[in-house]
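Engineer: Sequence:
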Amino acid sequence: MSKKGLKDLRWNTLLKCQLIEIVSLWEGRLTPNVLISAFGIGRQQASKDINFYINAIAPANLIYDKHLKGYTPTDKFKPVLTKGTIDEYFNLLGSRKELGSHLACLNLTNTNTEMISSPGRFIVPEF
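Taking the numbering used here, the leading residue of the sequence shown gets 9, the next gets one more, and so forth.
If you're looking for bench data, these hints aren't it; they were derived computationally from the structure.
Beta carbons are placed, not taken as given, at the ideal position from N, Cα and C, and that holds for glycine.
Hints should not be assumed to be uniformly reliable.
What the hints assert, rightly or not - Here are the computed distance ranges between Cβ atoms for each label pair: (1) H75 / D16: 33 to 39 Å; (2) G128 / K77: 14 to 20 Å; (3) Q52 / I131: 21 to 27 Å; (4) K84 / F130: 15 to 21 Å; (5) W19 / H75: 31 to 37 Å; (6) N59 / G128: 33 to 39 Å; (7) K74 / G128: 20 to 26 Å.
Produce the complete structure using the sequences and hints provided.
Structural biologist: This is the structure in structure tokens:
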């Protein structure tokens, strides 16, 4: 999808696709349950959103792993809608309340995570 096409995405679609990108990059696995929990949508809609990301946004980023029963980043993964920094993932974990009603219900309460400011450096995810 071109940069111009990205600007035409609906806000909730953009949020879903950004969540797909962040979670898959930093957790190494994405299931429809992530979107179901975050946005209160059904499994069918969550699967459609993941397939939209794969087909329209970043075809080379994710592949379905039958053994993990979820989508995993490919070796060619490149962030399209995010910067791909660890800070984005930490912000997702630490500032759910600021993300609005869509992501406020994201079930991340058992992460045993405390939000601290990190130095600005580039960290490469390993999977």
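Engineer: Evaluate each hint against the coordinates.
Structural biologist: Results for each hint:
no.: 1; hint: H75 / D16: 33 to 39 Å; verdict: holds, 37 Å
no.: 2; hint: G128 / K77: 14 to 20 Å; verdict: violated, 36 Å
no.: 3; hint: Q52 / I131: 21 to 27 Å; verdict: violated, 35 Å
no.: 4; hint: K84 / F130: 15 to 21 Å; verdict: holds, 19 Å
no.: 5; hint: W19 / H75: 31 to 37 Å; verdict: holds, 35 Å
no.: 6; hint: N59 / G128: 33 to 39 Å; verdict: holds, 35 Å
no.: 7; hint: K74 / G128: 20 to 26 Å; verdict: violated, 38 Å
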